[in-house]
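Protein chains: 2
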Amino acid sequence: MNLNYNRIIELLEGQPEQYVSGEALSRELNISRTAVWKQMKKLESQGYRIEASRRLGYRLMGKPSKLTLPELLVKLEGTTLVRSIKLLDSVDSTQNIAQQMAEEGAPEGTLVIADQQTNGRGRLGRSWVSPAGKGVWMSLVLRPGIPLQFAPQLTLLTAVALCRALKSVVPLEIGIKWPNDLLIGGKKISGILLESTAEDERLRYVIAGVGVSVNLEPEDYPKELLDVATSLLIAGGEHIDRGAVVAAFIRQLEHLYAVYQREGFGPIRTLWEALSVTLHKPTKLYAPTEVFEGTPIGLDERGALLVEKADGSVVPVFSAEMRFPEANSGG
Amino acid sequence: MNLNYNRIIELLEGQPEQYVSGEALSRELNISRTAVWKQMKKLESQGYRIEASRRLGYRLMGKPSKLTLPELLVKLEGTTLVRSIKLLDSVDSTQNIAQQMAEEGAPEGTLVIADQQTNGRGRLGRSWVSPAGKGVWMSLVLRPGIPLQFAPQLTLLTAVALCRALKSVVPLEIGIKWPNDLLIGGKKISGILLESTAEDERLRYVIAGVGVSVNLEPEDYPKELLDVATSLLIAGGEHIDRGAVVAAFIRQLEHLYAVYQREGFGPIRTLWEALSVTLHKPTKLYAPTEVFEGTPIGLDERGALLVEKADGSVVPVFSAEMRFPEANSGG
Numbered sequence: 001m002n003l004n005y006n007r008i009i010e011l012l013e014g015q016p017e018q019y020v021s022g023e024a025l026s027r028e029l030n031i032s033r034t035a036v037w038k039q040m041k042k043l044e045s046q047g048y049r050i051e052a053s054r055r056l057g058y059r060l061m062g063k064p065s066k067l068t069l070p071e072l073l074v075k076l077e078g079t080t081l082v083r084s085i086k087l088l089d090s091v092d093s094t095q096n097i098a099q100q101m102a103e104e105g106a107p108e109g110t111l112v113i114a115d116q117q118t119n120g121r122g123r124l125g126r127s128w129v130s131p132a133g134k135g136v137w138m139s140l141v142l143r144p145g146i147p148l149q150f151a152p153q154l155t156l157l158t159a160v161a162l163c164r165a166l167k168s169v170v171p172l173e174i175g176i177k178w179p180n181d182l183l184i185g186g187k188k189i190s191g192i193l194l195e196s197t198a199e200d201e202r203l204r205y206v207i208a209g210v211g212v213s214v215n216l217e218p219e220d221y222p223k224e225l226l227d228v229a230t231s232l233l234i235a236g237g238e239h240i241d242r243g244a245v246v247a248a249f250i251r252q253l254e255h256l257y258a259v260y261q262r263e264g265f266g267p268i269r270t271l272w273e274a275l276s277v278t279l280h281k282p283t284k285l286y287a288p289t290e291v292f293e294g295t296p297i298g299l300d301e302r303g304a305l306l307v308e309k310a311d312g313s314v315v316p317v318f319s320a321e322m323r324f325p326e327a328n329s330g331g
Numbered sequence: 001m002n003l004n005y006n007r008i009i010e011l012l013e014g015q016p017e018q019y020v021s022g023e024a025l026s027r028e029l030n031i032s033r034t035a036v037w038k039q040m041k042k043l044e045s046q047g048y049r050i051e052a053s054r055r056l057g058y059r060l061m062g063k064p065s066k067l068t069l070p071e072l073l074v075k076l077e078g079t080t081l082v083r084s085i086k087l088l089d090s091v092d093s094t095q096n097i098a099q100q101m102a103e104e105g106a107p108e109g110t111l112v113i114a115d116q117q118t119n120g121r122g123r124l125g126r127s128w129v130s131p132a133g134k135g136v137w138m139s140l141v142l143r144p145g146i147p148l149q150f151a152p153q154l155t156l157l158t159a160v161a162l163c164r165a166l167k168s169v170v171p172l173e174i175g176i177k178w179p180n181d182l183l184i185g186g187k188k189i190s191g192i193l194l195e196s197t198a199e200d201e202r203l204r205y206v207i208a209g210v211g212v213s214v215n216l217e218p219e220d221y222p223k224e225l226l227d228v229a230t231s232l233l234i235a236g237g238e239h240i241d242r243g244a245v246v247a248a249f250i251r252q253l254e255h256l257y258a259v260y261q262r263e264g265f266g267p268i269r270t271l272w273e274a275l276s277v278t279l280h281k282p283t284k285l286y287a288p289t290e291v292f293e294g295t296p297i298g299l300d301e302r303g304a305l306l307v308e309k310a311d312g313s314v315v316p317v318f319s320a321e322m323r324f325p326e327a328n329s330g331g
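Chains A and B supply the protein sequences, listed in that same order.
Numbering of the first sequence is given in UniProt numbering, commencing with residue 1 and proceeding in unit increments.
Numbering of the second sequence is given in UniProt numbering, commencing with residue 1 and proceeding in unit increments.
Watch out, some of these pointers could steer you wrong.
Selected chain A positions facing chain B (in silico; Cβ < 7 Å) [as the list claims (entries may be wrong)]:
no., residue
1, 34
2, 89
3, 116
4, 147
5, 148
6, 155
7, 171
8, 194
9, 198
10, 200
11, 257
Listed next, with one range per pair, are the computed distances between beta-carbon atoms [claimed, not checked]:
no., chain 1, residue 1, chain 2, residue 2, range
12, A, 52, B, 204, 44 to 50 Å
13, A, 286, B, 107, 17 to 23 Å
14, A, 288, B, 7, 57 to 63 Å
15, B, 11, A, 288, 23 to 29 Å
16, A, 290, B, 323, 42 to 48 Å
17, B, 316, A, 286, 29 to 35 Å
18, A, 286, B, 302, 21 to 27 Å
19, B, 290, A, 238, 44 to 50 Å
20, B, 289, A, 50, 52 to 58 Å
21, A, 222, B, 90, 45 to 51 Å
22, B, 302, A, 51, 55 to 61 Å
Far from chain A by the CB rule (all over 12 Å, computed), these chain B residues [as the list claims (entries may be wrong)]:
no., residue
23, 202
24, 308
25, 310
Rather than coming from a laboratory, the hints here were simulated on the basis of the structure.
Nothing here was measured: the structure is a model prediction, and the numbers come from that model.
Think of the CB as a built atom: it goes at the ideal place given N, C-alpha and C, for glycine as much as any other residue.
Turn these sequences into a full structure, and let the hints guide you.
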């Protein structure tokens, strides 16, 4: 299979943007035309862009844009947060790898980026669609010298950083759904997962995991997710350079992380509230022990969501799933 | 070596509380008298109490009190918090085992107890002296449905539970040093380490690790620790049943954990303040980013330590090491 796969790439690359007939491929590789078609599907899943025509055959329109270390280093020039980058082809989950490295003593600023995740993880143990070459799947080791109580503020900070980063790369309306999902037109464009490990009141480390659906096409999603998930390509119609997304995020994160460590949560809170698309809209909140309705009106100084109930009282919500009538939080 | 070891136990047990001469043992085992002496040291390190007389030889005064499951189950009758108990002989650290079990889905109430830890862990990566048969070294999996922000309150709750438990077992003055060390006469009697793991603002699980120096003798400690560490045996002069310590702790924890989940941190805070021996005494606080002096005056509703500074201002301290002139925090 692998030999066929590499041979097909060779044949298509030999005639870029020109059609190679299915029959020729079938003959050359000595496999059936159905087998050729299957190989093409596999190539597409790896990030190759292939146009198929029943009459003309197949032509290669784009290769997966592999992230490379030199390219990333150029794009990150002038930043200091990231101290080492581990670029991997296919991993189960970048979170697992970064966590293992952190346990073994990896310093703050250790960044793990994978081309593909076979078992990407989202909030609440949900899986995360992360096909090869089409998204940014990365995990960053942070060792903030803050008490455990403040860790949830980093979740909100990361959402602000990613939102500002994506807005700097694509001219799209992107907003934050509490606490840290980013939405375009009500559909999820990215996922953030901060995994914290603490001893007593001391935060040992935080693994900030970020997944951005950059160049995913509708076919990359299970059908049931298309109503709730999108990609920068689907929403904006343009292929986006993944390296630019990585670099923009790191720049924003570095800036906001410095602001946070210098001035505390105040400025982050203001930015988060300005970018939120879920404030001042009635919603249903599914907390661990109760379900209730109310209208989120902002954050408190701890990072809890302030929700105004029907009776006018305002309660801080530390943890809950938010569900609006018009959107859901798949991914 | 092992054969000798078991044979010596047989020979000593054959004449309980009576001396067996070193010469007889040496002859019987066909090893040197120095080798006999080494075996005795090994037995002592395993929890056997042996009296040695240059003239009379060795006599067995007490065997290690192995914790057994039936005994623990009887002592825990009527409690519901603990759902499964794993009793182990020698482990690196009960924290590691409980954590692995929690990662694999072990439910709340999974208790790991070891007779001996070869690499017991304390706060700040310090090692913890945990010889065989002489202490309570245990870790309990908790899955409290509380937001991450509240996790440090559990550390304080655990200190209250353990303090009340030990006071119910021995008639000694035992007090809490912030946040969770227990002291007798300024010396450390136990260690508590709560390791929390969170995804965003959700606490996935907490491993509550408790080490109590029950029947340790001065010889069990490195010399430099004797000024700062003690045991229930050293402080009270009596051998204490380790099973009773386990059961008393679980009963107290179950009670306080239920109070906390029902009424919040208020009642726990009151109990903690009443048991603290470090309030209202000037101290030096070593926080991650600064060192300052002040007088702890209580806890705030989050669990932070309220410290009054020289200028009369009161600041909340979330994380710091407290050092008094008269005691240190070894262990």
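Hint-by-hint comparison with the structure:
1. Hint status for residue 34 of chain A relative to chain B: violated, with the closest Cβ pair at about 42 Å, above 7 Å.
2. Hint on residue 89 of chain A is violated. Least Cβ distance to chain B is approximately 26 Å, over the 7 Å limit.
3. Interface hint at residue 116 of chain A: violated, since its Cβ lies 22 Å from the closest Cβ of chain B, which is beyond the 7 Å cut-off.
4. For the restraint placing residue 147 of chain A at the interface with chain B, the shortest Cβ-Cβ distance is roughly 3 Å, inside the 7 Å limit, so the hint holds.
5. With its C-beta approaching chain B no nearer than about 6 Å, residue 148 of chain A sits inside the 7 Å limit, and its interface hint holds.
6. About 5 Å separates the beta-carbon of residue 155 of chain A from the nearest beta-carbon of chain B, less than 7 Å, and the hint is met.
7. Taking 7 Å as the C-beta cut-off, the interface hint given for residue 171 of chain A is violated, the closest approach to chain B being about 29 Å.
8. Hint on residue 194 of chain A holds. Least Cβ distance to chain B is approximately 5 Å, under the 7 Å limit.
9. With a cut of 7 Å, the hint placing residue 198 of chain A at the interface with chain B holds, because the nearest CB-to-CB distance is about 4 Å.
10. Annotation: residue 200 of chain A was flagged as interfacial toward chain B, and the flag holds, the nearest CB pair being 5 Å apart, inside 7 Å.
11. A cut of 7 Å between beta carbons decides the hint on residue 257 of chain A: the least distance to chain B is about 15 Å, and the hint is violated.
12. Between residue 52 of chain A and residue 204 of chain B the Cβ separation comes to about 45 Å, which falls inside the hinted range of 44 to 50 Å.
13. A hinted range of 17 to 23 Å holds for the C-beta pair residue 286 of chain A and residue 107 of chain B, which are about 22 Å apart.
14. In this structure the hint that residue 288 of chain A and residue 7 of chain B lie 57 to 63 Å apart at CB holds, the actual value being about 58 Å.
15. Our hint of 23 to 29 Å for residue 11 of chain B and residue 288 of chain A is violated, since their Cβ atoms are close to 60 Å apart.
16. A hinted range of 42 to 48 Å holds for the C-beta pair residue 290 of chain A and residue 323 of chain B, which are about 43 Å apart.
17. Here the CB-CB span from residue 316 of chain B to residue 286 of chain A is close to 31 Å, well matched to the stated 29 to 35 Å.
18. With their beta carbons about 25 Å apart, residue 286 of chain A and residue 302 of chain B fall inside the hinted range of 21 to 27 Å.
19. For the hinted restraint 44 to 50 Å between residue 290 of chain B and residue 238 of chain A, the CB-CB distance of approximately 49 Å keeps it satisfied.
20. The supplied range of 52 to 58 Å is met by residue 289 of chain B and residue 50 of chain A, whose beta-carbon atoms lie about 55 Å from each other.
21. Separation of residue 222 of chain A from residue 90 of chain B is about 49 Å and conforms to the stated range, judged on CB atoms against 45 to 51 Å.
22. Range check, residue 302 of chain B to residue 51 of chain A: Cβ separation about 59 Å, and the 55 to 61 Å hint holds.
23. Look at residue 202 of chain B: its CB is around 5 Å from the nearest CB on chain A, not clear of 12 Å, so calling it non-interface is violated.
24. Interface exclusion of residue 308 of chain B from chain A stands, the closest Cβ pair being 19 Å apart, more than 12 Å.
25. Interface exclusion of residue 310 of chain B from chain A stands, the closest Cβ pair being 23 Å apart, more than 12 Å.
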